[in-house]
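Top to bottom, those sequences are chains A and B.
Every position in the first sequence, counted from 1, becomes a number in my numbering once 276 is added.
Every position in the second sequence, counted from 1, becomes a number in my numbering once 2 is added.
Read the hints as simulated data drawn from the structure, not as lab findings.
Per label pair, the in silico range of CB-to-CB distance:
(1) ASN311(B) with ARG382(A): 33 to 41 angstroms
(2) GLY368(A) with ASP322(B): 30 to 38 angstroms
(3) ASP322(B) with THR356(A): 37 to 45 angstroms
(4) GLY267(B) with THR356(A): 44 to 52 angstroms
(5) GLU103(B) with ALA328(A): 19 to 27 angstroms
(6) LEU347(A) with GLU253(B): 40 to 48 angstroms
(7) ARG346(A) with ALA242(B): 27 to 35 angstroms
(8) ASP185(B) with GLY352(A): 48 to 56 angstroms
(9) PRO334(B) with THR356(A): 21 to 29 angstroms
For lysine-lysine, the following DSBU-like pairs were computed, each having C-alpha atoms within a straight-line distance of at most 35 angstroms:
(10) LYS241(B) with LYS353(A)
(11) LYS219(B) with LYS238(B)
(12) LYS238(B) with LYS353(A)
(13) LYS357(B) with LYS104(B)
Listed next, the stretches of chain A that the computed footprint assigns to chain B, with coverage defined by at least 3 CB atoms under 8 angstroms from CB atoms of chain B:
(14) 305 to 315
(15) 354 to 360
(16) 364 to 370
Note that CB positions come from ideal geometry on N, CA and C, so glycine has one too.
For reference, the chains in residue letters:
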Amino acid sequence: MKRLPGSISMLLVLAAMAAPASDAMATDRQTKARSLAATCANCHGTDGHAPAGGQALAGRSKDDIVTLMRLFREGGKPSTIMGQIAKGYTPGQVELIAEHFAAQKR
Amino acid sequence: MDNTRRQILHTATAGVALGALGACAAPGMRAGAPAKAQVVVIGGGYGGATTAKYIRKWSDNRISVVLVEPNADFISCPVSNLVIGGTREMDDITVSYANLEKKHGVQRVRDRVTKIDAAARKVTLGSGATIAYDKLVVSPGIDFIYDSLPGLQSAAAREKILHAWQAGPQTTALRRQLEAMPDGGIFAIAIPRMPYRCPPGPYERACMVAAYFRREKPRSKVLVLDANDDVTSKGKLFKAAWAQHYKGIIEYRPAHTLTDVDVAGNRLVFEFEDPIKAAVLNVLPPMRAGSIAVQSGLATANGRWCEVNFIDFESKVAKDVHVLGDSIQPAPTMPKSGHMANQQAKICAAAIVAKLSGQPVDDSPLAMNTCYSFVTEREVVHVASVHAYDARQATYLPVGGAGGLSPAPSEAEGLAADAWARSIWSDMLG
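Kindly generate the complete structure, drawing on both the sequences and the hints.
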């Protein structure tokens, strides 16, 4: 299990605290992000560490990933499959996923 | 593994299990507290191996995981049609379990579970050893229903008439049968009614065998005899590929319900149509959940598939027993695929880690599926879908507007399919 650097963990904790008030028993933001990002691992590798030939996402900036997903979703970036998949995720989910990959070491 | 080493491993595992049970009996396991719980996973396929790895990873290695799997290595069903077609080797679809043990600390036991005692929370192995669990994950894949095929009751018959629908020795054996077949012969594949494992798989297999014939046995034919009324997945794409690449080689006949196999005469016998004789018969019998799930009373849907609570994949009839992968009665439009088993595994792993750590279970899990099929040696088509948990209906529903099919086969998707295989194998076993 890769640990996040302390500063990033703290940022995520702050981000979680800044999130809209929610049920105390709700899954925390970081855990939710981790689980959503795991839906990408089949093609992009565990935590975005893709084997050779795959598209790695670990360590990509949050903005990059959010922008790419928006372009896929809107058809601004041609793709065989990502456009179809991107339409299945809400902007909020994409943001969480992007946070998770951005926090991983390349 | 020799017997002595195996015995030691079992003894050791049983010891660990007892220790874990004792620890779990202690009250006060809280959020963040070290959870010395033990999870047993039955089956080291796409579902089970992924669950084992992710429970270790997401619990920071606090939860001990025992994976019970009889096979020495993982052998992938996806891509195995290319071995049958002769463009890949068994080595290309075989992956070691070593990293699960060395890197992730999963305890692997090479055996089968013969009995689940849900009340006492323990499983019995073929060796007779027992392992205690706090949570059990049952991911045994599929098994075959031979009741409706009188000719296939004997072991000898089943050695001759292959399914090759569990990758392994049958994959190699079917390849040998095709190699031994003289040019001018017929390969006939019989497809059962839905639901069965990997809906597009039989049609991809037809393509791969036809591609082999086109290369090396051009007078030979592929007959696809489908119990369903039409191609069950990627229909337009497969039919277009058959017309473009395999005209005069592949013939598709829908609505053919197999009622028997004449093993001595190499004939398929149907409910209404005349029997068909072929040089190589490939029979996919009707399928159900893996035997251990059925024997344990988990297959509550028609005695064939296991019903689960989709929020965490816990069985509807056995507490602390989770079932996933091809064994379950799936949510609407959720396919029986390796990719989907891997996705379900991560939802289940997250829920088990949360429960054993006193944390809330994710109330809005998401799963997605990608399935690539080769239509020629290099060209591939896909189908994709995204499935979101719906709390009101307590199931997954396909996300509207998402997912879809390839517009046409392409070599670019052929490369993507190869990358997919490497990536998912590394996600489950790397």
